[in-house]
Amino acid sequence: MSLFNLRSWIQGISFLILTYGGRFGLRLGHFLPCFACPYVGSCSGHCYLMALQGSIWGAQIPWAHLISVRGLRALGMFAGFSFLVIIFSKTWCGWICPFGTLQDWISWVRRKLAVREAEFSESFRNALKPVKYILLVLLIIIPMFIANAGLHPDFKLPFCQLCPAKPLMPVFEGNFQHFAIDTTNTITFVMSALSMLLTAGFLVGMMFKDRFFCIFCPLLALISLFDRFGLLQLKKNIRSCTGCAHCEQICPMDISDVHREEQKEPVISQDCTLCLKCAEHCPEDKTLSLEFMKKPLFSSSRKYVARHSIKTKR
Amino acid sequence: MDLKNSQQSKIRMKQEKVKKELQDEYACQMDSLKQRDDFEPGFEYFLDILTLLIFPAKLKDRMQAPLAGLYCIQAPLELFHALGFHPVRFCHGSLALQKLSAASLPALACPMIKSCLGSFLSEESLEKICDVLIVPTTCDWNTKIPELIGANLRSPYVMELPHLKDSARGKKRWQEEIHELKNYLQKISGRKLERQRLWTSVQTYMRAWEVLGRILELRRNQQLSGTWSLILTNAFLVDKVENWTENVQHFLKKHQPRPNSDPAVFLAGSPVFFPYLKITELIEEAGMFIKADELCTSERILASSVPDDLSEYGLLKALADKCHRGCSCPTYADNHRRINTVMHAMRKSNIKGVVYHVLKGCHPYDIESFVFEKTVKENGFHFLKIETGYSKEDRQNILARLEAFKDTIG
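So the sequence lines, in the order shown, correspond to chains H and D.
Residues 1 to 314, numbered by my numbering, are exactly what the first sequence covers, in order.
Residues 1 to 410, numbered by my numbering, are exactly what the second sequence covers, in order.
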């Protein structure tokens, strides 16, 4: 089985489990490093970003409670998240995340229709890189301000309020109620209107660009902080790379670092989702490898490219 | 008027003489190959189609498609294929043909360019019957050849090759060149490029790349000699790609490997093209086995393309990248990763030495040979540089050097 097929299967199964698993009593916790959206009633686990922004396990905490059971709860939640990220690294993004899978399905349709993918220049793409970190900082700071500086509580869960997964993912259980403008007050109106605009914008973006949302994803930014410690690593044999740039060409996140790297072996960069398309399409034997605790799980090869690279696109 | 007629008559006589010599040169090389111990009937097809190079009219009849003559490997074959052209590569290894271009080129010009221009100036030439001629500005010789052939015959289509591969502007400029080439071919052929046909062509050439990989694998296992492998790859593009692929598959099924245990070497440097097989034959005569190479007429004759965006734009972009960044021609200014190909193949296949072949006058390969030598030796491998031409006069001298080299790696 090709890596592409294996990934497609795992993505499909993960999507089903994380979207509908709750109906069968599955509870995977509130610290999942992927967009298992809590607004999907039948979901089997929750995206850690909600916990991180929340008042039970997250940043909406009065300073006085930092060193207390409440603080420890937040720390425990973060420890659970960290553990999962260290074990599976960014496969959470490339192989498990239901929202990532949804984007891949949309890209698949675009490819089938032979619609041209939008291109971002390298400088523009680089300029977008800090956005996800800014969002990450904001989604931590705003709840802190609510708890400590009197910011209106309707700003709670600020990222979830704007996240396009909130209206889109519940659609898979037939729930369209999040496509709505909340007119309770000015804040809810502005936030919900902004959410609708962003959702529409991201939907269009996802139709024309692979993994468009991931470019801005604060969860990817948070997972990136663990890149160095992950047990799964993408390694490059810098001595065998001939610079063909297939890795750059095929990357859904437009990453050029793998192609350019000529000094060090680990090549997971901040935008990498570990989808392994680069390793799959690298025609040089054992040049790109996925390693788990330094043991290779998959290595690039000319034979693999010859056997699978075209077939997977038919 | 008489003077002009007399000159034309002299030219015609010279062309006739060269034609005869060219046919003898081909026949002699064919005989020599057929007399080898490792000759097998499966090679007949490849030798037969290589013979078509000196009978261009027959080649054109066989293809039944407009011919696109290409210099170098930078123009994407898939694009020609999709627009109904049959791409033929202008590589010539003939000594006889050089006689026709002697007056038009410097004495120290690259032998392949001499031979190519000679072919242009011959009476019955492949170049003359091509419907389009495409010249990318790779080396200095190729950059100037449009002027030379333009003065004598007709102007080819020139593709301006950016000599920086890894810069965003180089990449963009080359993509623009590919789009311009598409427009030019559409105009000539009167056809519009269809995305589905282009995608089919990509798949067709990927199948050819796949079988090329199997040829190379045989060679890595020392089950197919460097010379025969070169014959197989030289024959690529002399026939329809589908026929070549099918015949290689057929050959692979029938091939009875004869394991060889001679010390293995890597052949690097200037292109080697039929009937000029002196260097590969001498390496083998000296008792060494060419396990791998990086010649643009052999292992690099075809590269893989992995389009992800299947729109016409996406396919052309992938093809542009394959022919630009995927190419390790020494004419690029940022070509430092070329050595990686060599070192990786050597480590992987347990090869102990590099024979670096330079055609006298082939400056880019000659210039890079110095960096190569340094890196190869620093990594504990052996290195031998052979500078030569199409003439057979230096055979004994080269053989003696190769035999001495064998002793160092054996």
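Derived by calculation from the structure, the hints in this document are not laboratory data.
Quick caveat, the model's predicted, so the values are computed rather than measured.
Just so you know, even glycine gets a beta-carbon here, dropped at the ideal spot from N, CA and C.
Honestly, I wouldn't trust all of these hints.
Just some of the chain H residues that point at chain D, by a computed CB distance under 8 Å [unchecked claim]:
| hint | residue |
| --- | --- |
| 1 | TYR20 |
| 2 | GLY21 |
| 3 | ARG239 |
| 4 | GLU284 |
Evaluated hints:
no. : hint   : in the structure
1   : TYR20  : violated, 30 Å
2   : GLY21  : violated, 32 Å
3   : ARG239 : holds, 6 Å
4   : GLU284 : holds, 7 Å
Violation of the numbered hints given earlier is confined to hints 1 and 2; the remaining hints are satisfied by the structure.
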